[in-house]
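Novice: If you read the protein sequences in the order shown, they are chains A and B.
Per the working numbering, the first sequence starts with residue 1, numbered consecutively.
Per the working numbering, the second sequence starts with residue 1001, numbered consecutively.
Worth flagging that the hints you see were computed from the coordinates, not collected in a lab.
Among the hints, erroneous ones may be present.
In silico lysine-lysine, DSBU-like type, Cα no more than 30 Å apart, as pairs [stated by the list, open to error]:
1) B:1109 - A:142
2) A:167 - B:1109
3) A:167 - B:1133
4) B:1035 - A:146
5) A:206 - B:1114
6) A:284 - A:328
7) B:1114 - A:210
8) A:106 - B:1109
9) B:1035 - A:160
10) A:243 - B:1109
11) B:1035 - A:167
12) A:148 - B:1188
13) A:106 - B:1021
14) B:1035 - A:148
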Amino acid sequence: MSNTVIDIENVSKQYMLGTFGTGTLSHDLNRWWARVRGKEDPYLKIGDTNDRTKKSNSDFVWALRDISFKVEEGDVVGIVGKNGAGKSTLLKILSRVTSPTTGRIKIRGRIASLLEVGTGFHPEMTGRENIFMNGSIMGMTKQEIKRKFDEIVEFAGVAKYVDTPVKRYSSGMMVRLGFAVAAHLDPEILVVDEVLAVGDAEFQKKAIGKMQDVAHGEGRTVLFVSHNMAAVRSLCTRGVVLKNGLVDFMGTVPDSLAHYLKNEDEIRKDLILSNVKWTKHSLKVTNIEINGTKEATSVIRNGQDYIDVLVEGTTEEPMTYDVMLIFKSKDGMPMATYALGHYMGELQHCQPGDFSIHRKIALPKILTRGLINVDLYLHHPMTEYQLKAPDCCVLESEGFQKGFGSAMDQSNNGLIGLSDF
Amino acid sequence: MEEKWDYIITNRSKLFSIDFKELWRYRDLVLMYVKRDFITFYKQTILGPIWYFIQPVFTTIMFMFVFGGIAGISTDGVPQAVFYMGGLVCWNYFVDCFNRSKGTFSANKAIFGKVYFPRLVVPLAGVISNLIKFGIQFALFLVVYFYFIYQGVHFGFNATVLLVPFLIVMLAALGLGSGMLISSLTIKYRDLNFLVSFGISLLMYATPVIYPLSVMNGKYAKYMWVLLANPLTSILEAFKYAFTGVGMFSWAYLLYSLIFTIVIFVWGLLVFNRVQRNFMDVI
Chain A
1 MSNTVIDIEN VSKQYMLGTF GTGTLSHDLN RWWARVRGKE DPYLKIGDTN DRTKKSNSDF
61 VWALRDISFK VEEGDVVGIV GKNGAGKSTL LKILSRVTSP TTGRIKIRGR IASLLEVGTG
121 FHPEMTGREN IFMNGSIMGM TKQEIKRKFD EIVEFAGVAK YVDTPVKRYS SGMMVRLGFA
181 VAAHLDPEIL VVDEVLAVGD AEFQKKAIGK MQDVAHGEGR TVLFVSHNMA AVRSLCTRGV
241 VLKNGLVDFM GTVPDSLAHY LKNEDEIRKD LILSNVKWTK HSLKVTNIEI NGTKEATSVI
301 RNGQDYIDVL VEGTTEEPMT YDVMLIFKSK DGMPMATYAL GHYMGELQHC QPGDFSIHRK
361 IALPKILTRG LINVDLYLHH PMTEYQLKAP DCCVLESEGF QKGFGSAMDQ SNNGLIGLSD
421 F
Chain B
1001 MEEKWDYIIT NRSKLFSIDF KELWRYRDLV LMYVKRDFIT FYKQTILGPI WYFIQPVFTT
1061 IMFMFVFGGI AGISTDGVPQ AVFYMGGLVC WNYFVDCFNR SKGTFSANKA IFGKVYFPRL
1121 VVPLAGVISN LIKFGIQFAL FLVVYFYFIY QGVHFGFNAT VLLVPFLIVM LAALGLGSGM
1181 LISSLTIKYR DLNFLVSFGI SLLMYATPVI YPLSVMNGKY AKYMWVLLAN PLTSILEAFK
1241 YAFTGVGMFS WAYLLYSLIF TIVIFVWGLL VFNRVQRNFM DVI
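With the hints as extra help, turn the sequences into a complete structure.
Specialist: In structure tokens form, the structure reads like this:
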């Protein structure tokens, strides 16, 4: 007997681009006329795949196109993909907020989604009233909520405020209360969309713990959509990679993530070498590798110890040099610099002819998650430059994460995480 | 072997696929919505539920001045306060049901965009919470009514009063049905909304709220058909007739109103049910 709990069959979702107005009335009339004659919808055939970056000629776009996969009972499926790959659309269809344009999904069991943490909270109502309101919106009966009420209040840690209107709550308390209700729904299938981005660390730990309980302990099915690779890696048992509305890859989590990240790399196919802005006339650089690749995008994995830097070429003159790398945030704010020449006055020398400079830059143990722009320079400090390559490559840091923890964002927390001595 | 699935999500919408069983499962939510309406109505007010009285009282007094006093429109011998308040209470219930249902999609798009529950819950809860409000205002009407009896006014109170609950259900169904219809039709093209918002205020003058049907019949007999085509006319007239013995009571027109109400209600329900599946994409 099969224990498939979600069966997605050829699901597509078409959206219209632009605004609704008089122009769309003619589409509606055409569609209606086709239906009257018993023909197929004329606009279902056209439409582009969902690639945000390209200008489309069509008025229609496929947010999802022929998605098919099955989820077995007890699976914890991580759904990854770039922004606009169709993840949220898929979740919306699954939670029945909208319906697919074609295809169908069969579901066994109750679905609850943590998209809607705190949905229906009314600021004027007390915590108690809102628990009942929110619980019934999510499909619980009054009896069920009554039974779990104390547990919910305790999980949220708001026992003191339960008869206070939620407008007096801090935003963190509000989120905790919302999540507490959602977490006690006891659904057969749980859908989680980036919910872990909210709340303080202690609460995140609780939330992930609850998810793990649901997934591993109670053997229920979880669909988890996240950009947090580390969290996907530690929680999920299967991976689905969406790309431009299509299923790009499906398989084990490590394979899926590897596929996804490789895919990501293809965004910037250019080579680091081609991003060199200036070299001294006597210098010719033939190869630059940073983080083990010639390509201008690569990933710093969770727990990676060092970054390789390799610069190869020929010089016509003797060279006194040092390697300097500046790590900057997306918006150009410098966050860290590797420059032993500056710090320690250690300079290298090389004779005319071929050279190969190899450095291993030690990384701090805890890095945050985010993109790092790298400037690469060869220079004789305070004297002259040999090579200037600002913004020559982007490192995508997965972020450090361990156990129940989750990676932190660079934009809020800086590049380096501190730990105990 | 046929497999057992709890839900099947597709685009195919059968016209008559309203899931009443599901709606029943969400009955607690309907009650929660009703409760929420009341809780949020009271909060941070001093007078609290008294506000439910103030509006019809002041409107009635205003009507007595403007229509009864200045314009001098007859009330067929019924005390003005009873006449206006009776009409107003019914009219208000219809308009409240209509307005609540009309805004279902636009007022709740944030919540509808995040979680699924039968959308019908929201207008239904509106009808119920408005019914409670109606009950309060109706009680006020009865107080005024008995005050005049105490003062020695003789009303032609009669057995048609047994029909009153049925009239109220018709008002609710008419308001709910037309509201759902408008709500569904204005999702994509909002033109209708502009028409409806002032249309409903004009409709009051095409309904015998502030004047008795007999006045119209005397002055503009050739336009009587407009009033008679309005399904609210016979409902309001029957209501007034039940309590005062004055007005038009006609089984034929009441039957017409009933059929009209059923058609509008079923039509509204079907369109609403169809639209709720995809409205998030177009709103």
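Novice: If any of the earlier hints don't hold here, list their numbers in rising order.
Specialist: Hint check: 12 fails alone, others pass.
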